[in-house]
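Participant: Note that the sequence shown ends on residue 193 in my numbering; no numbers are left out.
Each hint should be verified, as a subset may be incorrect.
Straight-line Cα separation of at most 25 Å, BS3-like style, residue types lysine-lysine; simulated pairs [what the hints assert, rightly or not]:
no.	residue 1	residue 2
1	Lys139	Lys193
2	Lys193	Lys160
3	Lys139	Lys160
4	Lys144	Lys168
5	Lys193	Lys168
6	Lys168	Lys139
Label pairs and their calculated CB-CB ranges [what the hints assert, rightly or not]:
no.	residue 1	residue 2	range
7	Asn101	Asp188	19 to 29 Å
8	Glu121	Leu89	34 to 44 Å
9	His96	Asp47	34 to 44 Å
10	Lys193	Leu97	32 to 42 Å
11	Gln43	Asp136	17 to 27 Å
12	Asp188	Asn99	40 to 50 Å
13	Pro86	Thr182	30 to 40 Å
Source of the hints: derived by calculation from the structure; they are not laboratory data.
For glycine and all other residues, C-beta sits at the position ideal for the given N, C-alpha and C.
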Amino acid sequence: MHIKQGLSIGCLLLGLWACHSAAPKEEQAAAPAATELQAPYSQQFYDSLGGVMTTYYRLSAALVAADSLTANHTAAVLKTQVDSLPVNLLQMDSSHLANINGISTSISAELAGFEGEQGLEGKRASFQMVSDMLFDLVKNTGLKGHTIYHQYCPMAFDEKGAYWLSDKPGIQNPYFGHDMLTCGETRDSLIYK
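Using the sequences provided together with the hints, build the complete structure.
Facilitator: See below:
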């Protein structure tokens with residue numbers, strides 16, 4: 001019995017060591033201090049996008065908790081919110097607006113298949129794609145009055161690595177949950193005034 005516990009603890013420690021040593025040393029340094037960015041669009045759009053982000057963070061928390069049922073429900077709510085983003089309120093050139101529409105359509109399509117993903121691994125892969133696209137959306141529109149932390153786990157998906165977004169600087173890894181809860185680092189911060 002003690003040998004099994006020793007092996008489990010040893011595997012966990014090896015995993016944690018790999019998590020913190022997988023990134024090159026220069027990448028392990030603290031993320032550079034971000035400057036405040038402009039968020040020049042309507043408050044109505046930002047209120048709607050803020051709701052999207054709040055639901056996204058709940059989806060991340062459900063994956064941290066390995067709660068598939070809550071993750072499925074939250075992904076469905078998130079899809080509805082993304083579908084109702086008032087992108088028509090964005091006053092920008094037509095090519096930029098087409099890009100924003102394309103990103104939001106792609107996020108919605110990925111969320112439509114989220115519930116059908118078998119097991120947490122599939123849901124987490126879908127979450128990764130949503131995370132990457134949502135980061136692009138926020139970078140293109142801003143999110144007035146919010147800070148978004150772009151976080152990274154080098155061990156996710158057989159050490160290919162994956163990003164996610166957070167409203168807090170502390171790491172709560174949605175790709176490993178409680179197995180490696182704090183594995184990862186903040187790579188970027190978007191701070192909007």
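Participant: Which of the numbered hints are not met once you compare them with the structure shown?
Facilitator: Hints 2, 9, 10 and 12 contradicted; others consistent.
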